[in-house]
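If you read the sequences in order, they're chains B and D. Numbered per the working numbering, the first sequence spans residues 1 to 256. Numbered per the working numbering, the second sequence spans residues 1 to 418.
Read the hints as simulated data drawn from the structure, not as lab findings. Please note that a few of the clues may not be correct.
Calculated cross-link-like contacts (lysine-lysine; reagent style DSBU-like; alpha-carbon spacing at most 35 angstroms) [to be verified]: (1) D/K218 x D/K170; (2) B/K156 x D/K384; (3) D/K181 x D/K218; (4) D/K2 x B/K156; (5) D/K224 x D/K140; (6) D/K140 x B/K156; (7) D/K2 x D/K374; (8) D/K214 x D/K181; (9) B/K156 x D/K374; (10) D/K374 x D/K351; (11) D/K224 x D/K181; (12) D/K374 x D/K384; (13) D/K170 x D/K181; (14) D/K224 x B/K156; (15) D/K384 x D/K140; (16) D/K2 x D/K351; (17) B/K156 x D/K351; (18) D/K2 x D/K140.
Please read these numbers as outputs of a predicted model, since none were measured by experiment.
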Amino acid sequence: MAELLVVPALLAYAEAAFAYLRELRGPGVAGRLAIWGVRLGWLAQTALLAGQALSADGFPWGTWAGSLNLFVWLVVGAYLIWGCTPRYRLLGLAVMPLAALLLAAAWAGGGTGFGAGADSGAVLAVHAGLMLAGFAGLTLAAGMAGLYLWQERRLKRHERRVLRVRFPPLDALDRLSARTVAVSLVLLVLGIGAGASRLERDELDAAMVVTFLVLAVYSALLVLRHEGWRGRRAARVGLAGFALVAVALPITHFAG
Amino acid sequence: MKLTLVGVSHHNAPVELRERVALDPAAAAGLARRLGPEAVVLSTCNRTELYLGREEHAEELAVATLAELAGSAAEELESALYRLRDEAAALHLFRVAAGLDSLVPGEGEILGQVRAAYEDGVTGSCLDHVFRQALHVGRKVRVETAIGESPSSVSAAAAALAQQVFGELKGRRVLLLGAGKTSESAARNLISRGAHIGVVANRTLAHGEELARKLGAKALVLDKVAAELAAADVVISSTSAPGLVVTRGAVESALRARRGRPLLLVDLAVPRDLDPAINELDGCFLYDVDDLEAVVAETLAGRRSEAARAERLVAEEAERFREWHASLDVVPTIASLRRLAEEIRDRELAKASTRLSERERRHVESVTSQILAKLLHLPTVRMKEAAAAADGVVYADVVRHLFGLGERSAERAEEERS
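I would like the entire structure built from these sequences, with the hints used as guidance.
Encoded structure:
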């Protein structure tokens, strides 16, 4: 029965996604409903993950669907840090539809069930946890980059409604996105470090190559920011890096 | 405790009267102390209002005080005064704090003024409650509606746009081109939101210096402005120059030194001062007068619907205040009833305690305490509900009669005397 916790989590995330869309027409009750949807959904998913962890013999999120389940939880958890402030509410518009879709995919793929788990040891659990947390941060940064480009476009085009919808400030989105990338990179490096201890010599697969590519792109982004690559250009590079995370990495990791 | 409000405002008092009764914060605090035990004086350029929490003669005292401030007889003031009591006074205060009673509905300054008046006032249970609730309403309206973000002028729209780009304007540097009234108004709007005017550039240096002195900035001649573009976050231009004052090339050169920091440029001049091609540059946002007027027209339309939503929020809070205020009628009865029950329990416990061990006594004490709490819970809730539905006094009388609450206190007083 506890497996059914995915249903309230999914419903709450979906409710939050719709409420954020409604919030676009102006701040109000919809924004509060959205935040409560995020909170309750995240709590339900936390209970689900705790149940999975208790019932599994080993690491319960080793499959692609299980990883996706944990990944969604991390993304939404990271979003909650900012999402509760009215000024950043609309960031949920970028995050929650994605979270709802990915959780649905994880459910369909059997990643929300109980009892399964690979006997993989603590090192792999730490490795997977850190890597997923890092990628979750990059997803959030991509959400901010997307929101940046949208708001920048509205300002450039002198949209008449530019002051009626409360977007996060452009400069804050730019800075927060860069900070999130920096924290995510640290998590990724730690995760790679944890995973490297289990590697055989000269073992290098496609997933690792893509992970290093992701690291390279985002590290370059941070270096370029110091050279003045901020704003629109940084947002585009961030989104390009996220394309690697979203498309290339799952294919190479789980299909390989 | 009765809440009484007497005041004058821009709705029905001319500026000549408002300026006579206006008080600076120190004088308002002094007056509140004089009018105590519960008094708050709210004085802004649009209103002077006295909030008093007392049972008797509050209205007469407030009217006499305002007449004294105005230097005229109370009868002369009559047509400009409004007098409100209890729920109506609270509703008015909530509307004031929410900015719904302001000259420009939704303006944000009033909430700070209400807070300052409350902090400087002499408050007891009534005024403390109503002002705390007013501050809560003011914040809630600004968070849950966009009424405070709807600028009503081109200058305010420019400042709101700067906040869309930078968020907090504290420490942001503004470059002002032109030293006329339009520039000054835009500058004041930005300063009120925390920005700092770095430079005032003008064709005539003397005029520029005059405005720069007022704004705490440095003055420059217009020709030297290109060098200042690198350090500025916001450029406001309103000169009477016949041609372009800042070209795309000048901004492009400055961008290299800006290292990707965004730049908001607002051109309030006709003919325009700033090259329209600047908007094509990465990180530059250029708005001219037409763009801003379109934004203002749109936000003013939105302000009407936001004001309606804000009124609903204020009405909900006023209803809460009404319930709280009504419950004050039954609070003494509830307190007496509980005291009576506790006295009976203590007496009976004292009688029984000689026959009980320490452990048994503690147990009986705990059980009787729970019985009392459960027994009195429903009557307490019902009495408060009745108070909210305006039947509180009737219920309180019935409870006092049934339990002989008044008689018991009279008996006790008699016993104490003897």
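Margin query: To test your reading of the hints: which numbers does this structure violate?
Written below: Numbers 2, 4, 5, 9, 16, 17, in rising order.
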